[in-house]
Amino acid sequence: MPLLALEHFAPNWSGDSVSVVLEHERVLVMSRAARAAGIKPQMRRGGVLMLTPDAQIHDRSPTGEEAALQAVALALLQYTPLVALAEESTLLIDIGASLALFKGIRALCRRVKADLRDLGFSARVSCAPTARGAWMLARSGGGRVVKMESMARRLDVLPALVVPSARAFSAWFEGIGCETIAQLRRLPRPGLQRRCGRPLLDTLDAAFGTAPEFFDWVVPAEKFEAKLELFGRIENAELLLAGAQRLVIQLCGWLVSKHLAAERVTLLLEHERGRTARPPSSIDIVLAEPVYQGDHIIRLMKERLGKCELEAPVIGLALEVAQLRPMAPPNESLFAEPGGNPEDQVRMLELLVSRLGADKVRRAKPVADHRPEIANGWTTVQEAVREADIANQLPADATSSLRPTWLLAKPIALLLRDERPFYSSPLRMVQGPERVEAAWWDTTAARDYFVAQGQSNELYWVFRERVTNSEGEVEPRWFLHGLFG
Amino acid sequence: MLLDTTSPETIHPSLWRASQLARSGTRCVDTGYPSLNLQLPGGGWPTSSLTEMHVSSTGAGEVRLLAPVFLAAGKRPVMLIQPPHVPNALALWAMGLNPSQVIWVQPDRNADALWAAEQALRVGACSVVMLWQSHTRNETVRRLNLAAQETEALCFLLKPLASAQDASPAPLRLALRPALGGIDLTILKRRGAQLDSSIFLPMSPSFVHRQNASVDRRPVAPTGIGTLRPELVG
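These protein sequences, in sequence, are chains A and B.
Position one of the first sequence corresponds to residue 1 (the numbering used here), numbered consecutively onward.
Position one of the second sequence corresponds to residue 486 (the numbering used here), numbered consecutively onward.
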């Protein structure tokens with residue numbers, strides 16, 4: 001990652017601004033906008049400020065770079081369990097065992113690059129049969145080689161000073177006309193060892209595969225915690241998505257390396273500490289089906305962030321996993337089902353719920369009751385309802401009683417004309433009555449239901465309420481309760 | 486001479502003469518009514534395509550018309566998005582839908598209803614998506630139709646009869662009016678010749694006539710269908 005020193009201050013999704021990083025008061029790296037403004041490496045602070053007074057100047061922070069490198073290493077754990085940190089902002093990953101899973105080297109390199117871009121870093125990706133060889137290729141521009149011989153050819157033409165331990169002797173190499181790796185390898189080994197020390201020869205041997213390599217593999221932490229300090233105060237919830245995405249990619253790497261799947265994820269938005277301390281506001285994402293891949297979480301987060309209103313500018317993000325479960329491998333069927341698998345259905349409902357709200361997406365949950373409005377129960381889709389419970393609540397025979405497709409939320413009282421109920425036209429009873437008399441323990445419902453037909457043949461479900469007044473006479477009142485859609 | 490014998494479908498499967506019905510490129514689901522199957526391109530409700538239904542009033546039989554489709558829906562969910570009233574799960578159960586597969590979405594805003602319909606179609610996990618709209622713009626219908634083409638679901642857009650006069654990009658448009666013992670269905674637009682007369686569909690089992698099937702109230706088959714009459718009466 002050639003721009004790590006800069007990009008951990010200003011990730012590449014933050015927009016192009018003039019920003020430079022100084023080391024020992026000299027410019028080390030600068031953004032593209034800064035280069036366009038005429039800033040050159042090794043320039044002093046005063047020079048930078050003279051060219052662009054509003055430039056953002058950062059001092060190089062090795063601890064920040066180290067943390068960023070660790071974060072990237074965590075994210076890369078989703079491709080292989082073998083990830084190691086190397087010198088000069090480089091990461092080494094062993095993909096030998098992952099090629100079949102990720103469909104080849106090219107596809108894997110593309111995915112790694114895309115992930116790094118989402119994390120906010122620009123990267124040069126190269127791969128080679130030896131880790132040191134890949135490192136040297138990446139340091140000098142990138143490239144992919146698969147065979148030992150072609151790697152040796154590619155490495156031979158690289159400048160000798162790519163090897164870090166050779167840089168102390170750059171004057172001597174220049175003096176004897178040794179410019180490329182090939183020329184360096186042709187020098188007599190005992191003399192080279194005496195003059196330049198053991199590390200130079202070790203590096204070359206490792207790169208060309210004649211000596212074994214040893215790495216300290218990155219070990220993921222026991223508990224996942226990822227924090228991100230934003231480059232500025234953000235007041236737009238949608239802009240936070242890019243930051244949240246970075247945390248989710250890290251989470252995926254951690255989950256895969258631990259063989260776990262998340263059931264519940266919390267995104268904490270840390271607010272600026274002004275005069276009044278504000279607790280971080282949290283966005284809780286509950287997943288019906290545990291996931292270990294990021295796209296679904298990101299899609300849900302996008303809907304939730306799009307809906308939420310920020311009460312104060314956000315300066316930091318943190319991601320926590322509240323519930324975990326061992327990862328279950330996907331259950332693939334031999335023949336793809338036409339309507340997608342059940343996971344797709346669950347995900348679609350989660351997506352709907354996250355935008356519309358839990359009470360807007362409902363699933364039927366019938367109740368065994370004689371009153372139609374009670375029997376037609378609906379519940380949120382997130383509530384788990386067992387099939388057996390539903391079957392218990394249903395009447396024994398579907399054709400035993402006739403029910404309309406639409407129920408009115410509140411029955412409409414009907415006018416009477418010529419002793420007939422009237423709803424935009426006089427109603428003619430075509431079927432009935434069906435007597436419903438229930439709920440003496442509640443408000444008693446004593447109704448006679450009829451199927452009524454209007455003049456233009458629509459079918460209505462009306463009932464006559466039997467109210468007994470003080471004299472004991474039955475006084476009919478008609479109500480419209482449903483429509484046969 | 487050669488031109489006369491060449492039928493357009495031999496040139497390209499999606500070509501048809503104005504006098505004939507188009508063949509459907511997608512799978513079609515049996516409507517359950519032979520007289521309707523005969524008049525629809527592909528012989529049934531087209532999947533991966535938007536079907537517009539203009540209903541004269543809620544209660545015209547728009548859901549009962551789809552009861553044979555529900556029977557064939559299998560276990561996949563049926564989405565009702567923004568229906569005009571509370572759907573009755575027991576009535577849908579009597580039509581053959583398991584209550585747990587009925588999803589009722591009732592968002593606050595119309596834009597959210599359209600979004601939900603599009604998502605439901607894009608994921609492709611549903612068997613039937615029904616969306617109720619009082620007024621839609623042509624861009625919306627076109628977008629829904631595009632989303633429908635990505636799935637194998639049946640997609641119905643239900644609108645009031647008043648909007649039947651407006652042009653719409655939906656490939657199949659129907660108008661429904663209640664009739665004695667069934668519904669009268671008019672095909673406003675299809676890939677094929679214009680059908681001027683309406684089709685009478687008896688709602689079977691027609692509960693209204695189960696008890697009152699008397700001599701004087703026999704369902705009257707509409708005129709103008711000619712050859713279809715035996716099937717209708719039978």
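Do not take every clue at face value.
Within a straight-line C-alpha distance of at most 25 Å, the following computed PhoX-like cross-link-like pairs (lysine-lysine) qualify [as the list claims (entries may be wrong)]: (1) B/560 - A/365; (2) A/307 - A/365; (3) A/258 - A/307; (4) A/302 - A/360; (5) A/360 - B/674.
Among the chain A residues that face chain B by a calculated CB cut under 8 Å, a handful are [as the list claims (entries may be wrong)]: (6) 170; (7) 173; (8) 174; (9) 323; (10) 325; (11) 344.
These aren't lab readings, by the way, just hints derived from the structure by calculation.
All residues carry an ideal CB built from backbone N, CA and C; glycine is no exception.
Hints and how they fare:
About 16 Å separates the Cα atoms of residue 560 of chain B and residue 365 of chain A, which keeps this hinted pair within 25 Å; it holds. Between residue 307 of chain A and residue 365 of chain A, the direct Cα distance comes to roughly 29 Å. Violation of the 25 Å bound is thereby established for this hinted pair. For the proposed pair residue 258 of chain A and residue 307 of chain A, the alpha carbon gap of about 32 Å is over 25 Å, so the pair is violated. Taking the CA atoms of residue 302 of chain A and residue 360 of chain A, the gap is near 19 Å; set against the 25 Å cutoff, the hint holds.
Distance restraint check for residue 360 of chain A and residue 674 of chain B: the Cα-Cα separation of roughly 34 Å exceeds the 25 Å cut-off, and the hinted pair is therefore not satisfied. The beta carbon of residue 170 of chain A comes no nearer than 59 Å to any beta carbon in chain B, farther than 8 Å, and the hint placing it at the interface is violated. Hint status for residue 173 of chain A relative to chain B: violated, with the closest Cβ pair at about 60 Å, above 8 Å. Annotation: residue 174 of chain A was flagged as interfacial toward chain B, and the flag is violated, the nearest CB pair being 62 Å apart, outside 8 Å.
With its C-beta approaching chain B no nearer than about 25 Å, residue 323 of chain A sits outside the 8 Å limit, and its interface hint is violated. Given hint, residue 325 of chain A at the interface with chain B, is violated; its Cβ is 23 Å from that chain's nearest Cβ, farther than 8 Å. Satisfaction of the interface hint for residue 344 of chain A is found here, the shortest Cβ-Cβ separation to chain B being roughly 5 Å, below the 8 Å cut-off.
Of the numbered hints listed earlier, those contradicted by the structure are 2, 3, 5, 6, 7, 8, 9, 10.
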